[in-house]
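Engineer: Model the placement of chain B on the given structure of chain A, informed by the hints.
Residue numbers (the working numbering), protein chains in the order written: chain A, 8 to 490; chain B, 137 to 280.
No lab work stands behind these hints, which were simulated from the structure alone.
For glycine and all other residues, C-beta sits at the position ideal for the given N, C-alpha and C.
Check the hints yourself; a few may be wrong.
[As the list claims (entries may be wrong)] So, partial list: chain B residues that the calculated Cβ filter (under 10 Å) puts toward chain A:
id, residue
1, V178
2, D200
3, L211
4, F214
5, A216
6, F228
7, L253
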Amino acid sequence: MPKERPYRLKRIDDMRWEIPKIGAMRVPGVIYADSRLLPDIEKDNSAEQVYNVAHLPGIVARSIALPDIHWGYGFPIGGVAAFDLDEGVVSPGGVGYDINCGVRLATTGLSREHVVPRIKELVDSLYSRIPSGLGSRGKITLNRKGMSEVAQLGAGWAIKQGMGEQSDLEHIEDHGVIEGAESSSFSDRAFERGKDQLGTLGSGNHFIEIGFISEIFDTDVATSWGLSAGQVTLLIHSGSRGFGYQICDEFLARMIKSVNKEKIDLPDKQLACTRLKTSLAKEYLSAMAAAANFAFANRQILMNLARETWESSMGLPPRELRLKLLYDVSHNIAKIETHTVGGRSMKLCVHRKGATRALPPLHPALPSLFANTGQPVLIPGDMGRSSFILVGAKGAMEQTFGSACHGAGRVLSRNEALRKTQGRVIEQELQERNVYGRAAGRKTMREEFPEAYKDVSAVVEVVHKAGLATKVAQIKPLGVIKG
Amino acid sequence: MQEHSPKWKLLDHTADVRIEVHGESLENLFLNAAQALTHLLVGSPQHVEVTIEKSLTLEGDSMDILLVNWLRELLFYFSAEQFVCKDTIVRFEKPNLIQAQLSGFTTDFTDKDNDGLEIKGVTYHGLSLDETADGFVARVIFDI
Chain A
8 MPKERPYRLK
18 RIDDMRWEIP
28 KIGAMRVPGV
38 IYADSRLLPD
48 IEKDNSAEQV
58 YNVAHLPGIV
68 ARSIALPDIH
78 WGYGFPIGGV
88 AAFDLDEGVV
98 SPGGVGYDIN
108 CGVRLATTGL
118 SREHVVPRIK
128 ELVDSLYSRI
138 PSGLGSRGKI
148 TLNRKGMSEV
158 AQLGAGWAIK
168 QGMGEQSDLE
178 HIEDHGVIEG
188 AESSSFSDRA
198 FERGKDQLGT
208 LGSGNHFIEI
218 GFISEIFDTD
228 VATSWGLSAG
238 QVTLLIHSGS
248 RGFGYQICDE
258 FLARMIKSVN
268 KEKIDLPDKQ
278 LACTRLKTSL
288 AKEYLSAMAA
298 AANFAFANRQ
308 ILMNLARETW
318 ESSMGLPPRE
328 LRLKLLYDVS
338 HNIAKIETHT
348 VGGRSMKLCV
358 HRKGATRALP
368 PLHPALPSLF
378 ANTGQPVLIP
388 GDMGRSSFIL
398 VGAKGAMEQT
408 FGSACHGAGR
418 VLSRNEALRK
428 TQGRVIEQEL
438 QERNVYGRAA
448 GRKTMREEFP
458 EAYKDVSAVV
468 EVVHKAGLAT
478 KVAQIKPLGV
488 IKG
Chain B
137 MQEHSPKWKL
147 LDHTADVRIE
157 VHGESLENLF
167 LNAAQALTHL
177 LVGSPQHVEV
187 TIEKSLTLEG
197 DSMDILLVNW
207 LRELLFYFSA
217 EQFVCKDTIV
227 RFEKPNLIQA
237 QLSGFTTDFT
247 DKDNDGLEIK
257 GVTYHGLSLD
267 ETADGFVARV
277 IFDI
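This is chain A alone, in the form it adopts within the complex (with noise of 0.2 Å):
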C-alpha cells in the first residue's frame, strides 16, 4: 500500500514521533508510539490521515494520533484535533458514522471462581436474550415523539423507563446527556433507521464481556472505585445505531457540497467539515448531539438486559450481583471544551475519532466521585487478551487535549484476517485460552480473532509513559459476544 509520502516522521523521544509542519499544514502532527508500535503504523495510511488532518482550517497545535492509531477514512481511528471556535471547522467524519460509540464497565459483587463454572451458560443466555449482529431490532419500538425524547434525555431516558439507578448518571460521561439535541436536528431517514435499534448491540467489533480483574497497578484509585483483584466485570461496547449512522451520512453529503462554497481545500473529501461559526455546523453538533444521546441510553438499556439476564440465568438475586456501573466513556464524538494552548485559555471543538476523554485530578468537568483521582479511562483489548482500566492524568491536559487511546486498534484487515484463520476455529482457540466465545456473523470470530488487533498492553504502555493517563487495573475475558 505504502506509497510515495509527502511527509516524514522524526523521533521526539521514546513514545512521540512528530511530522514536522511542512506545505499547507497548519500544524504539525505528532503519533505516540514506541518502536514496537511504529512498523504496524507505518503499515498502512493511518499517518498520512493525520498529516491530511493537519490542512483542516483552524486547526490549534497539532494533529494527533494515539498509538491505537489504524487506517480509517478521512481522519485515522486513534485520532484526536482540536478547532478555534472563529476559524476552525466541525467535520462529521472526525466524529464517525457510529457517533458515541463508546464503552462502559460494570462491577459486580462476584469473585472468578463463582462464575466460571457458569460461563458458558451465562453468555448462552446473553446471546439468546441481546439482540446482537446484522439488522438487529430491539424489543422497544419508538414513534417520533419518543425518540425526541430519547435524544433530548440519553441514559436519563432508560433511567425513566426503569432501566437503572438515577445513580448511574454520576458514572457515565457528561452525565449520559449531551445538551443541545433538539428534536428537528434529525431527519425522517434517521429516525426510521434507528426506530427500533434501542438496546441493540450492533455487528462488527461491538461486543459484551464478561471478565475478571486480573491485576491491579493502582491500589489507591482501584480501592477508592471499589475494584479488587479476582472481581468480575462486565464490559459492553456499542454506540448509535442506524441512528448515528444516517445522521452522519447526510451532514457529510451536505458538506461535501459547502466546502466549495465555504471555499476549504480538502485533501481528502471525507474531510469535508463546515466552519463552526456556520448554520449547518449547528445543526450538525445538534443532531450529533440527538446520536450522542441515543448512544448513551442504547449502552444503558444494554446494561440492564445484561443484569436482568444475569441474575435470571445464574438464579442471583440483585444484592449478590451487585451490578454497579464504574464509567460509561464515549471514543467517537467532537465536543466543545476548555483547555489551555500557549498558556492561553480557549474555547475549542476537540473531535475524538476513536479516543478517549481523560481527565486528570481536580478537573472542573469531572463528578465529585471521580474529583480526586481522575476520570476512569477504559481501553477494550481483544477479546482473547485483556482490557485495561486507566485513569486520566496531566499530561493529557497538556499534549492531547485531554484525551487519551481508546482500544488496541486493528493490525490486521479483515480480509486478511479472514485469510489467516482459513480453517480454524476461533471459538475453540478462545476455550484454550479459558474464554467461552459466541458471535452473530459466522466470519465475526475469524475477522476478530485476537491477533487482528494490536498487544492492547504496548498501547496502554505508551499511553500510560507518555502521562496521558495511567494504568489502574487489568482485566482478563471469561466470555464475549461478538456482534
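Structural biologist: Quick look at chain B alone, frame taken from chain A:
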C-alpha cells in the same frame, strides 16, 4: 473470499471494507456496484424471489459522488426497510442524473447466524471513478 466475480472485488483496508467495481458502461458499473453491496450485506440471494419493485431518481455533482449517492440510497433501503436489491436497470437521464428500477425483496433477519456485514456508511475516502480501455472502474470504502 478475495475474488467474487470479475465485476467487483474486495481490496484490503485495515478497519473497513474497500471494493473495486468494473463496468463496460456506466450503467453496468452502477449495476455491479449495487450487486457488490447486496453481496456484502446478505451474500448471494439468487434463490430468493423478487417481491418488490421500486423506482428512484438520483443526482450528484459529479459521477463519483453520484455513485456514492446511489450506494447510500440502497443502503438506506436495506437498513430502514430491510429491502435487498437483487437486480436493477439504471438509465442516465442527464450526465449526472440517473433513473433506476430496483427489484428485490425484504428480509427480516430472524436468523442471527448469517454471513452479512453491517455497513454503517458509504465513505468518500479514497473514492475514485475512472474510464479505462475496457470501460469504467471505481473504488469505494464502506464503514463497517
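Engineer: Now tell me if each hint is right for this structure.
Structural biologist: For each hint, the structure was consulted:
1. V178: 8 Å, holds
2. D200: 9 Å, holds
3. L211: 8 Å, holds
4. F214: Hint holds; F214 (chain B) Cβ to chain A Cβ min 8 Å, cut 10 Å.
5. A216: Cβ of A216 (chain B) sits 4 Å from chain A, so the hint holds.
6. F228: 20 Å, violated
7. L253: 7 Å, holds
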